[in-house]
Amino acid sequence: MKVKWLLLSVIFAVSTALAGCDSPLMVLDPKGPQAKTLSDTIIFSIMMMVGILLVVYILYVFVLVKYRASKMDKDYEPPHEEGNKWLELIWTVIPIIIVIILSVVTVRTTDKVESVPAGYANEKPLVIYASSSNWKWHFSYPEEGIETVNYVNLPTDRPVEFRLYSYGPITSFWIPQLAGQKYAMSDMVTKIHLSADTPGSYMGKNSNFSGEGFAHMEFEAQAMTPSEYKEWVSDVKQTAPKLTEKEFDQLLETPHVGRKTYTSTHLEFKPAPEGEHAGHHHGEEKEDQPTGHEDHKEHDNMDHMEHMENKEHQ
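Residues 31 to 344 (this note's numbering) make up the sequence shown, in order.
Hints should not be assumed to be uniformly reliable.
[To be verified] Computed list of lysine-lysine pairs in PhoX-like fashion (alpha-carbon distance at most 20 Å, straight line):
hint, residue 1, residue 2
1, K260, K154
2, K290, K276
3, K142, K212
4, K260, K290
5, K276, K300
6, K221, K66
7, K142, K66
8, K267, K290
9, K290, K300
10, K276, K260
If you're looking for bench data, these hints aren't it; they were derived computationally from the structure. Everything numeric in this text was worked out from a predicted model, so none of it was measured.
Given the sequences, and given the hints that come with them, work out the whole structure.
Right, here's the structure in full:
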């Protein structure tokens, strides 16, 4: 009976820790292949831990019963026992095996969730730039030429590639029912791949503390059927205003805003870090602009050609 209650207590404690502030456990209710992989890994780890604890508690009870205190004669001397090399070998090898198993599972899971979702390798992903600022999320759709604030809509049964960066402190992009979490930083773009199998509304959040407005950095991720998604995009292009650089600067300065929708993206005048998206506009690609270094190099080439011509005349 005691063992049963101990196991229930352990399971309850683990469930409470994973639950955080939300109930039921969203990470254990996946709605996409990437989230399913993570959920399976978590459940596997929990089951391994429960099995280890079960063995430990059984041995604990066995030792307590077998070697419990009892009335013995005053002149009783316990027999001298040498160490058992086989037992010592067993309790040394078992932890090593456990670590190896968990390591292999973790590496395979990490590789799987960092790649394009299974079954979508040959499909073109929908690219969405997700940038954070104090304390809001900006979602830019270069393929559609639209932008949203504090909510993101995406089609089901299509791979989605989020490209993450930040206009402030480091944040962590996380939609528990669709994928794991990934940091968004100010000087580089990170990527996270996901897809939604089931239409529905899923909560997204910043899982990295980033200041006083951290608790309000939640957004809705709405998974739509492809036809509903196309209808939404068409409606946005017909009704939403254009995003200007002045308004975007005001958005960055405003701590808290509600949902907003625009028919253009801030990537046109404020591209992602390292110019990764500077050449894209509504799904098209501009010609690369020469940098100052290239201009200087071209000037040196012209000087060299003039020098050679003068030398020939001489």
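When the structure is checked against the list of hints, which entries are broken? Sort them ascending.
Going through the list in order, the structure violates hint 10 alone and respects the others.
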